[in-house]
Amino acid sequence: MQALDAARALAAAGKTREARKRALPLLGEPALHVPALMLLHDLARREGDAAEALRLAARAARLAPESPRALGLYAMAQTDAGRHETALATARDALVRDADEILAAAAILLAACRLGRPQAARDTAVAVLAAAEPEAQLAPLAAQTLSALAGGGPCGVLLPTDGRDIGGRIVPARDAGGGPVQADLTAGGKRLARVAAFLPVGPAEAGLFAFRYAPCEPLPAGTEVAAVLAATGTPLFASPQIVTAPRTASPGPVRGAAKALPDGRIAGHLFDPARPLARQRVALVPEDDPDAAVTIAAADFDDNLLVRGYGDGSCAFSLPWPATPGAPCRRVHVLDAATRLPLAGSPVLAASPLATAAALARFSAWLRLAGDAPDAPPPLPADCRGPLLDLARAALAALAGEHAALAPEPETPGDIHA
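Position 33 of the sequence shown, counting from 1, maps to 1501 under my numbering, and the rest follow consecutively.
Simulated from the structure, these hints should not be mistaken for lab results.
We put the CB at the ideal spot given by N, CA and C, even for glycine.
Take the hints with a grain of salt, since some may be wrong.
What the hints assert, rightly or not - Label pairs and their in silico Cβ distance ranges:
#, residue 1, residue 2, range
1, R1808, P1708, 34 to 40 Å
2, T1700, R1485, 33 to 39 Å
3, D1591, A1699, 22 to 28 Å
4, R1523, A1713, 26 to 32 Å
5, R1485, L1583, 30 to 36 Å
Let the sequences and hints guide you as you build the complete structure.
If you want it as structure tokens, here you go:
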């Protein structure tokens, strides 16, 4: 795994030749073969070698036919090689296994665009724009796809609803001017409200705006909610929606954990054995400002999770988390977004690297003083108590872990050879 990490680091630094030399010897190792193939495929794509990328991606998909990530890579390689029809089929196969596989979604959007058939990517474009956080790389092309289906005029997507909050995303006309686009909402055939989409959402290049409406009383499950553009009466994509009851329980024993890292990131994993190749979503809710919560997909690859049998290993997450202005750290609750159940280790104490270093320095200075007078240690300074003490201890534990990992293993009689 260290060799694969080294190859990835070289690739990230733009040293493609060195990365390839490190990755090639890993082919054939059971736990690393497919990840190495994926890395080599990515290197071939960067160098513009579509034929080699296609060959490598085909091998990965053949060896891991149930892996959404391998199929997504293969679909992208097929698209790059001009095989758009087969790319659509491969990408759809990947999305059946994992609706959040980003490479498969990208392949469908690109293939449909290059074929001049935006209708082939309609459902994918709707799913991309309806996501809690539209993917920066996909949202512009998804918006372009729906705009093409609308003939260049305004269009939108109605989001799924549990009856407590009704939302949607609007793509204005290409030559739009004036105020925000408005939509009329109905529930059970009766008018609810006229709403305006004025909240920017997703990457600026997508030109996407959101609306939200909260009924005075939650709509009962089974109610049909519809939305049309106020100016033309044109239904939004994915309209109507049927109100569904909120999911309150996980279908299986979901495994997840989270921790705050000294560099200011919150990292962890979330995996559902009942759906081993599905990507779970994680909600990060700051204790001091719940309205600033964000939701991300646990879809990053982690070698250790693969070795532990967590699906294809792509169930990790990592997100930089800013500290509260004027405060050294903030407590963040990390939850399964579907069930709102906390992950192991939640809540975590997130802080900037500067705050972590300062807390560690103050705590270390106190430890030195306490060591000089063990029978009568000085009181802990006021500026290193409560959350700051937790922060300093976490940083010390991380440092101890790093040193333990680097220390040589103790010799045993079996290790000594004449």
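Each hint, compared with the structure:
no., hint, result
1, R1808 with P1708: 34 to 40 Å, "violated (27 Å)"
2, T1700 with R1485: 33 to 39 Å, "violated (55 Å)"
3, D1591 with A1699: 22 to 28 Å, "holds (25 Å)"
4, R1523 with A1713: 26 to 32 Å, "violated (48 Å)"
5, R1485 with L1583: 30 to 36 Å, "holds (35 Å)"
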